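Got chain A; can you put chain B on it based on the hints?
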Amino acid sequence: MIMLELSRTVKQRWFWYSVLTILGWAGWALLLKIGSEEIPSEPSLFLQTTGMIPLALILVVTGSSRGPQSNLGVVYSLLNGIITGIGILCLLAAYRSGGNTSVVAVTTSLYPLVTFALAILLLHEKLTKLQVCGLLLATVSIVLFSL
Amino acid sequence: MHITAWLMFTILALICFGVVGLLQKLSTDLVSAESALVWLIVGFLLLQPILYPGRALLNYSTGNIAIVFSAGVCNALGSWAILAAMKAGGKASVVVPFTAVYPIVVCLLAPLLLHEHISAPQGIGIVCGLGAIFLLAS
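So the sequences go chain by chain: A and B. Under this note's numbering, the letters of the first sequence match residues 204 to 350, in that order. Under this note's numbering, the letters of the second sequence match residues 424 to 561, in that order.
Worth double-checking, as some hints may not be accurate.
[Unchecked claim] Facing chain B, from chain A, some residues (calculated, C-beta under 7 Å): (1) Ser221; (2) Gly230; (3) Tyr279; (4) Asn283; (5) Leu294; (6) Ser300; (7) Ala308; (8) Val309; (9) Leu321; (10) Leu330; (11) Lys332.
[As the list claims (entries may be wrong)] Partial pick of chain B residues on the chain A-facing surface, computed with a CB cut under 8 Å: (12) Phe440; (13) Val519; (14) Pro534.
These are calculated hints, taken from the structure and not from any lab test. Treat the numbers as computed from the prediction; the structure is a model and nothing was measured. Just so it is clear, CB atoms sit at the ideal spot from N, CA and C, and this is done for glycine as well.
Pulled out of the complex, with its shape left as it was, chain A reads as follows (with noise of 0.2 Å):
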C-alpha cells in the first residue's frame, strides 16, 4: 500500500521539485559553511542576497515571471521575502543577545510545525497518518542535525 502511494508520489512534479529544493539549500548550506569562515553573518546574508539577484534577472529578462498576475499574489510574495529577512535578523539578534546556539538553532528549526499547524488552520490541509508519522520523524531529524 505504501509503495503504491510513494511510487504514485513519484511520478508529481512536486516531489521533484522538493527534491531540487533539497539539493539547492544544501549547496547553499555546503557553500555557506566555506564562506562564514572569514565573513560574519550580516556581511554574509547581503551577499548572499546579492546572490539572488542574477536568478531574478533572468527570470525577468526571459519573461519567465509573466503570466497571470494577482496583486494579492504579489503582496504574499513581497510578504515572503520581508519575512524571511527579518527572520534571519531575529535569529541573528537571538545569538548576540546571549542565546545559547544549540538552543537557538533547535528551536528555529521546528519551524515545519508552525507551517504544518497554519496549513492545517488556514489552508485545511489534511494529512495522512503516515504523513503526520512523517512530519514528526522530519522534525526528529531536523532537531539531531542542529544539535
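Showing chain B alone in chain A's frame:
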C-alpha cells in the same frame, strides 16, 4: 513571566520561518513560481540597506565573497524549486517538512568536501530524515 531578549528573538524567528511556508503556498496559488520568486527577492532586497557592510566588504578575500555569492545563487534556486513544488500541487504541510531535511545532503557531503566527521546524532538524523521523506511522500 520574564522573557529574555534572546528567547523573544528566537520565538519571533520561529514564527517568521513558519509563516513563510504558508505564504509560499498562498502566493503560488495566485501567481507563477517564477513571479513569486522575483517578488520574494525584491522583498529580500528591501532589507539590504540594513545589512550593507560598507567598506568592510573590501576586507574579505575575493574567493570567499564569490563562495558566499554562489550560496545566494543556490538559495535562489532552492527557493524557486520550493515555490514550483507548491505551484505543482504540493501541500505546504508536506513540502515544508520534506524540504527541511536538506541537512541530510550536507551531512553526507561534508565528510567528502570539508573533511568533517558525521556525529552519532547526525547519523541518527540522517536515518530519521530518510524515513521522513519516505513517509511524507507516501
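Do the hints match the structure? See the list:
1. Ser221: 5 Å, holds
2. Gly230: Because about 4 Å separates Gly230 (chain A) from the closest Cβ in chain B, which is inside the 7 Å limit, the hint holds.
3. Tyr279: 4 Å, holds
4. Asn283: At 4 Å from the nearest chain B Cβ, Asn283 (chain A) passes the 7 Å test, so the hint holds.
5. Leu294: Where the cut-off is 7 Å and the nearest Cβ of chain B is about 4 Å from Leu294 (chain A), the hint holds.
6. Ser300: 4 Å, holds
7. Ala308: Ala308 (chain A) check fails; min Cβ-Cβ to chain B is 9 Å, beyond 7 Å.
8. Val309: 10 Å, violated
9. Leu321: Result: holds, 4 Å to nearest chain B Cβ.
10. Leu330: Status holds, d = 6 Å.
11. Lys332: Violated, because the Cβ-Cβ distance from Lys332 (chain A) to chain B comes to roughly 10 Å (cut-off 7 Å).
12. Phe440: The hint holds - Phe440 (chain B) has a Cβ within 8 Å of chain A, the shortest such distance being about 4 Å.
13. Val519: 4 Å, holds
14. Pro534: Violated: closest Cβ of chain A sits about 12 Å from Pro534 (chain B), beyond 8 Å.
Comparing the model with each earlier hint shows violations of hints 7, 8, 11, 14; every other hint is respected.
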